[in-house]
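S.K.: Protein chains in written order, with UniProt numbering: chain F, 1 to 225; chain Z, 1 to 165.
These aren't lab readings, by the way, just hints derived from the structure by calculation. No experiment lies behind these values; they were computed from the predicted model shown. Watch out, some of these pointers could steer you wrong.
Below, simulated SDA-like cross-link-like pairs (lysine to any residue); rule was C-alpha separation at most 20 Å, straight line [what the hints assert, rightly or not]: (1) F/Lys-30 x Z/Val-152; (2) F/Lys-30 x Z/Ala-159; (3) F/Lys-157 x F/His-34; (4) F/Lys-224 x Z/Gly-60; (5) F/Lys-30 x Z/Ile-148; (6) F/Lys-30 x Z/Ala-158; (7) F/Lys-30 x Z/Ser-139; (8) Z/Lys-163 x F/His-34; (9) F/Lys-224 x Z/Val-55; (10) F/Lys-30 x Z/Phe-141.
Covered stretches of chain F, as calculated for chain Z (at least 3 residues, CB under 8 Å) [what the hints assert, rightly or not]: (11) 30-37; (12) 60-68; (13) 97-103.
Backbone N, C-alpha and C fix where the C-beta goes; we use that ideal spot for every residue, glycine too.
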Amino acid sequence: MSNHLPAGAGSGGGGGRAGDSGLRYPSNGKTIYHRPLNRTKTAELSKAAFAYLFAEMVSYAQRRVTGIQELEKRLNLQGHPIGLKLLDLLLFREPPRTQLRPLNIIALLHFIKINVWTHLFGRQADRLEKSSNPDTPDEFMIIDNEPLVNAYISVPKEMSQLNCAAFAAGIIEGVCDGAGFPARVTAHTVGDTGEGGEMWPGRTVFLVKFQPEVLEREALIGAKS
Amino acid sequence: MSYYFAIIGTQDNPLFEYEFGTSKQGGDGMARFTEQARQLNQFIIHSSLDIVEEVQWTNGQMYLKLVDRFFTSYISCFLTASNIKFLLLHQPPSSSTLTGGTSRTSTSIAANPTSPQTEEAIRNFFAEVYENYVKAIMSPFYRTNMEIRSPVFRARVAAAGRKYL
Numbered sequence: 001m002s003n004h005l006p007a008g009a010g011s012g013g014g015g016g017r018a019g020d021s022g023l024r025y026p027s028n029g030k031t032i033y034h035r036p037l038n039r040t041k042t043a044e045l046s047k048a049a050f051a052y053l054f055a056e057m058v059s060y061a062q063r064r065v066t067g068i069q070e071l072e073k074r075l076n077l078q079g080h081p082i083g084l085k086l087l088d089l090l091l092f093r094e095p096p097r098t099q100l101r102p103l104n105i106i107a108l109l110h111f112i113k114i115n116v117w118t119h120l121f122g123r124q125a126d127r128l129e130k131s132s133n134p135d136t137p138d139e140f141m142i143i144d145n146e147p148l149v150n151a152y153i154s155v156p157k158e159m160s161q162l163n164c165a166a167f168a169a170g171i172i173e174g175v176c177d178g179a180g181f182p183a184r185v186t187a188h189t190v191g192d193t194g195e196g197g198e199m200w201p202g203r204t205v206f207l208v209k210f211q212p213e214v215l216e217r218e219a220l221i222g223a224k225s
Numbered sequence: 001m002s003y004y005f006a007i008i009g010t011q012d013n014p015l016f017e018y019e020f021g022t023s024k025q026g027g028d029g030m031a032r033f034t035e036q037a038r039q040l041n042q043f044i045i046h047s048s049l050d051i052v053e054e055v056q057w058t059n060g061q062m063y064l065k066l067v068d069r070f071f072t073s074y075i076s077c078f079l080t081a082s083n084i085k086f087l088l089l090h091q092p093p094s095s096s097t098l099t100g101g102t103s104r105t106s107t108s109i110a111a112n113p114t115s116p117q118t119e120e121a122i123r124n125f126f127a128e129v130y131e132n133y134v135k136a137i138m139s140p141f142y143r144t145n146m147e148i149r150s151p152v153f154r155a156r157v158a159a160a161g162r163k164y165l
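Take the sequences, apply the hints, and build the full model.
M.R.: If you want it as structure tokens, here you go:
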């Protein structure tokens, strides 16, 4: 019944060992716990493979959706668990001296702009801004001139609202939620407006809107220290 | 010396628990909690979560050291970035069981729950568990706040306990 292993793999010593829980181990006996968490600097993924996978993810998310908002929400949800896991992984890889949990919004956004971006896209995000509107002190912007996820995505005219970087926004949201800074993160294309607009037609703003309790806590911590 | 180790999720839900005793100085690695104490331990750990929440925003370190104490039970805490708490309750042996060789055990980790050596040993223990925890959550099938059931993970925690405590 449990013989789903390819011929030859199961008959060896360690292959297909079933414990009490019905768990099965890989035939070489190496589980996820036997693999190191640190990677070498050059270990990178093929961009073509990612582009292919991402195109499939977008079309998967597009099935039976009623609108662009729902599509973006689904992409966002695909990214969310990645962000949650990256937060722990990337902090683990930090040298022990700087292995600090982000305690305030600025530290968290810096962590995203530098560590998360470098890990995912091989470079830092281009800019970090705080909303200049005094009515929305809870909004922050991470700006990427040329999001890697959108490199091979062409958006049809009738869906010009869509920005597939909603996936990356989901990753950011995951990092924020995991660190205890619940937020809504959305991706917006701002290519044609603002300075340098002609140079970066795909410029994307990730709008991070923190929940009110985050700012409340931030004020409390700031008052104490 | 007996230890009770628990991993607590973001909703204050237990993800993993493990009881063990010291393996240093001829210890057999078995926990010496009475049946009553074993149930009490869970309450003590749970009540120390309040203190952890107080401390967590004042200190960015992951290892929060000793956070709480309940009679002879000491609680050390390690907080990961995604707000998962590792709590270790350690209970030095009561004086009645220490009739022989007090001079030898007085320098041991077991007898001094507040000494720097103990702090360092627990730090090493937490660091090793943390590494394995990060590996556990790297599984694509693992979602936050799921119970960790892997027997390999349990064996790794047990090994870390033997090695450092």
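S.K.: Tell me if the straight-line CA distance from F/Lys-224 to Z/Val-55 falls inside 20 Å.
M.R.: holds, 13 Å
S.K.: Hinted pair, alpha-carbon criterion (20 Å max): F/Lys-30, Z/Ile-148. Please report holds or violated.
M.R.: Holds - the C-alpha atoms of Z/Ile-148 and F/Lys-30 are around 18 Å apart, at most 20 Å.
S.K.: For a C-alpha distance cap of 20 Å, please report whether F/Lys-30 and Z/Val-152 respect it.
M.R.: holds, 10 Å
S.K.: Given the proposed pairing of F/Lys-30 with Z/Ser-139, does the C-alpha separation stay at or below 20 Å?
M.R.: It holds: about 14 Å lies between the C-alpha atoms, which stays within 20 Å.
S.K.: Three or more residues of the segment 97-103 of chain F near chain Z by CB distance under 8 Å?
M.R.: holds (count 5)
S.K.: Compare the distance between the alpha carbons of F/Lys-30 and Z/Ala-159 with 20 Å, and conclude whether the hinted pair is satisfied.
M.R.: holds, 17 Å
S.K.: Quick one, are F/Lys-30 and Z/Ala-158 close enough, alpha carbons at most 20 Å?
M.R.: holds, 18 Å
S.K.: Establish whether the coverage given for the segment 30-37 of chain F by chain Z is satisfied; the threshold is a Cβ-Cβ distance below 8 Å, and no fewer than three residues must meet it.
M.R.: That given contact holds, which follows from 5 residues of the segment 30-37 of chain F lying within Cβ reach (below 8 Å) of chain Z.
S.K.: Taking 8 Å as the Cβ threshold, is the statement that the segment 60-68 of chain F is covered by chain Z upheld or broken by the three-residue rule?
M.R.: Per the Cβ count (0), the hint is violated.
S.K.: Assess, step by step, whether the Cα of Z/Lys-163 is no farther than 20 Å from the Cα of F/His-34, and give holds or violated.
M.R.: Given that 20 Å is the threshold and the Cα spacing comes to 18 Å, the pair holds.
S.K.: Does the structure keep F/Lys-30 and Z/Phe-141 at a Cα separation of 20 Å or less?
M.R.: holds, 17 Å
S.K.: F/Lys-224 and Z/Gly-60: Cα distance at most 20 Å?
M.R.: holds, 15 Å
Hints 3, 12 from the earlier list are contradicted by this structure; the remaining hints agree with it.
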